[in-house]
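Engineer: Since chain S is already given, all that's left is putting chain E on it; use the hints.
Chains as they are written, first to last, in the numbering used here: chain S, 1 to 227; chain E, 1 to 806.
Read the hints as simulated data drawn from the structure, not as lab findings.
Virtual Cβ for every residue (Gly too), placed ideally from N, Cα, C.
Do not take every clue at face value.
So, partial list: chain S residues that the calculated Cβ filter (under 8 Å) puts toward chain E [to be verified]:
#1 Asp55
#2 Tyr72
#3 Ser75
#4 Arg81
#5 Lys82
#6 Asn93
#7 Tyr110
#8 His111
No farther apart than 30 Å at their CA atoms in a straight line, the calculated lysine-lysine pairs in the DSBU-like style are these [as the list claims (entries may be wrong)]:
#9 S:Lys76 with E:Lys712
#10 E:Lys664 with S:Lys136
#11 S:Lys136 with E:Lys737
#12 E:Lys712 with S:Lys124
Residues per chain are reported as follows:
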Amino acid sequence: MLKLHNLSKFYRTDEVETVALDNVNIEIESGEFVAIMGPSGCGKSTLLNIVGMLDSPSDGDYIFMGENVAGYPESKLSNIRKQNIGFIFQSFNLIDELTVEENIELALLYHNIPAAVRRERVAKVMDKVGIAHRAKHMPSQLSGGQQQRVAVARAVVGDQAMILADEPTGNLDSAHGQEVMEMLQSLNAEGTTIVMVTHSPAHADYARRTINLFDGHVVTENLRAAV
Amino acid sequence: MLKNYIIIALRNILKNRLYAFINIIGLAIGLTVYVFGSVLVDYERNHDRNFANTDRIYTINSIFSPAANIGIKRADTTYAAFGEFLKTGMPQLEAMARIKRQEFLVTIGDDDYYQEIRFADADFTKIFDLEYITGDASALNDPSSVIFTRSAAEKFFGDVDVMGRTILLDHQNSLTVAAVVEDLPANTHFNSSVLGEDDMTVLAPMLALKKLIDYDPAIDWGNISLGNRMYLLAPPNHDVAELETSLETTYEQHFAEDSKEFIIGVTLEPLTQANTAFWEAIGLPVIDSISILAMLVLVVACVNYTNLATAQNMGRAREVGLRRTLGAGRRQLLIQFLTESLIVALIALMIALVLLELIVPFFNQSLGKVVTLNHLSILPWLALTTLAVGLISGGYPAYLITRTTPIDSLKDGNSGGARTSIVRATMIGLQFVIAIFMLAMVMVMYFQNQKVKQTIDLFPTDQILVLERLDVEEIAQQTDTLRNELVRLPNVENVSFMSQVPFEQNNSSFEANINPGDEATGFSMNRLRIDYEFLSTLDVALIAGRNVSRDVAFDGPVEGAQQANVLVNELAVDQLGFASPDAAIGQSFHQILDEGSIQLTIVGVVENQNFLGFHNKLKPFTFRVESGQRVGAVRFKPVDVQQTLQDMEVVWDRVIPNYPMQSKFLNEAFEDVYTIYRSINIALAAFAVLALSLALIGLFGLAAFMAEQRTKEIGIRKIMGASVPQVVRLLIWQFSKPVLWALLVALPLAYFSMDLYLDFFSDRIGLPVGIIAIAGMIGVVAAWGIVAMHAASVARSNPIQALRYE
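In isolation and in its complexed conformation, chain S is listed as follows (with noise of 0.2 Å):
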């Protein structure tokens, strides 16, 4: 699906280099779960940014189904990612003027799908995820676990091929944390792969690898017996 070979990111200001991601090589195959781990500022966000396309390397070649995407322009990506990757957040980032129903819609506004089609897929996943009975609500309406189904729900309404979850469940109680995380078991079930930042090791438990990253560096990969 993936792979980053001698991935670097560093940011600079006047004074100070910061190195984010030193020389990373990590392949990723189509259909994996994969969990990434590590201490707070050790680059887990800016690699995942990478792999999503949010940001680019500063060095070294990111190859995404065959494409070296290292030197894309914005546009280019942006295409790249609205056809595969869906995102989900800590903080779900839904926009707070839509209702459910339109937060997930936006998934497929940009693709130029007709409307009959969108309300259709939007419903289902609706369906899917267990918050049709929330369509019209704002998100404001809804608890942590209710608005981050959303999120999953708008991160999969595309059929995208890859889920990035950034410390999905980071913002949710145990209940609602445990009932996200077996949402995206079940969509790597059906074939979706899954890259998912998080800090609670049973959390990472649901990933089939984990990444441990420390200060840029890939420092483990543990290989779980499939569940």
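Structural biologist: Chain E in isolation, oriented as in the chain S frame:
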């Protein structure tokens, strides 16, 4: 504490430089325009304050019947003969004096000058206290005396000590200098003509005109010429209502009966209004409009400030929450925010004062005015305006920001909600209503002016040189010779003498009637005294009958004849009741005189051409070959014009050696009048551009701010795959709604206002829907452009920047 507020305010201004700059510049422009407009209006409305009797001096205005069809609503004077009845009809008056302006060739020593002289009744010096350098107020009592102003004396004699020196008028009659007076200030109506009349420099007794041109004001029931005023001096502590009543009674009893249909009333106007009477006369409220427009620009600037400050303060909710948590009371916060807006207004005021100091001298220089900035009288009022502007525009945002509870402000950096956004949208809407309205007015005026300008094409205007002063007897006797000599010049095609050339705003008319006895069928017919070359020189097309000819007896002047052959235009044919131009040939009608009538037989009908041009309605015209031509039209080939002009001068000097040739090109004469239309348009355009710029500047600031507020949403949308144009479109749409609402209000408003304005013109452009729509589009597109400029940079930024700090 206050010091603390001021320091915080200044720091905030420095921190948000862009917004502060927009705020201050916007307010400064608004204040400048408002103050300048007010000072200018005050200046125009307060002319003639320098005379001791200013409050007791009145002029008499005439109100024309709407049916009079002369293109103006009133005149700043009336028939001179009416003045004779005022002494008896209004016995309380202390004095009455009339002015008649007349140009003469003035010979002083060996030099000749064409000079306009104001002839005045002797009481003129009783009404106006002129400052005598030599001589005294009795100077106008002697019919052979003349008064010079200082600058005129210096110009003509090189000296002010010229008592007893003589000047010769038209080589015939001499006048003796009986007084020299100081120049009158520029802010008197004598020296501030909109029409570009000469300043008052030479003053002579009305009685002298009897000898000079056989003019007797006591029997003049025929001429009304703007600027030839009639002044009255009322006693101290007079009752205006009583004066008006006696004037009305005098009008009823003594005004010429046959003129009452034309002039339906006379009014008493204070001297201080004489300066603005021109605008009253043509019916365009230019002075009032300046006041209103200046005010509107200030409103736009204030709204700008309010709107931007509101949006900006919303971003400071966290700061406010913190302050309140730390114990700041609502009152203190209010004071803090108001201090800020007052400081901004104060800085704007200072910039405005600097701008005014720059603008006023420039304005004075380019328009020959003496507008002064009297700081002593302006400053208190300006300070109050600034205070009001600061409080009004700062008050709303301050109220909003301090209204929320501390915990709300801390929790949600983006409070405010739907209601404030409606208020904001309304304010943007209001700005654009004003800006689009003005823009639409400017454009309609512009296109109407273009239409007015087209009247220049009615005649071969740029191939005509106008020779003036042909009514002097010595010149009039030589016109045939002059013509014969001029047409021999290689580039001169034709020469025609007539009583007025196209575009001259004179209405010379007589009462025309098919049957002399039947009053019901009579109407006012414009007349033009022409010669046999008239049609070919001015390209006037004959559509029926024949041209006038030297070979037909009654085509030209016949001594003592009560009949003549004439040409008329199509409209005259209609009004006389003939079925068609062809049917009118050979038919007769009558020119009604005080006693008897002259039978006029139509031998030719010419095309309708708007001889007066500009805003005038088409009028029925009779063209008759008779003496009394005032001007000549020399048609030349448009090659080597300078040489041709020199050749013509040589010919003139040979034929008429005693009078220098006085001439101007017909297109110059056209420009003299057209410039008034253009100036009004330019002035309004300046206001509109200011209003629109202010609205756009405000919109830019607001768009920048709102885009900042929506970073999170923009980030999410971009991650979802929204492209830059899609995000730009989203942001533009947010600001389009108020602008589109503004269109809905401004366009009908502009439509109805323009309809009123266009009524002033006889040949008006079609319904200005298209033009107004374009003005609206300009407003909308400009707004889009401004928002897009900012939105594009926001939309292009990396989406994770937007979400990183969530």
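Engineer: Taking the numbered hints from earlier one at a time, note which ones the structure violates and give those numbers from smallest to largest.
Structural biologist: 2, 10
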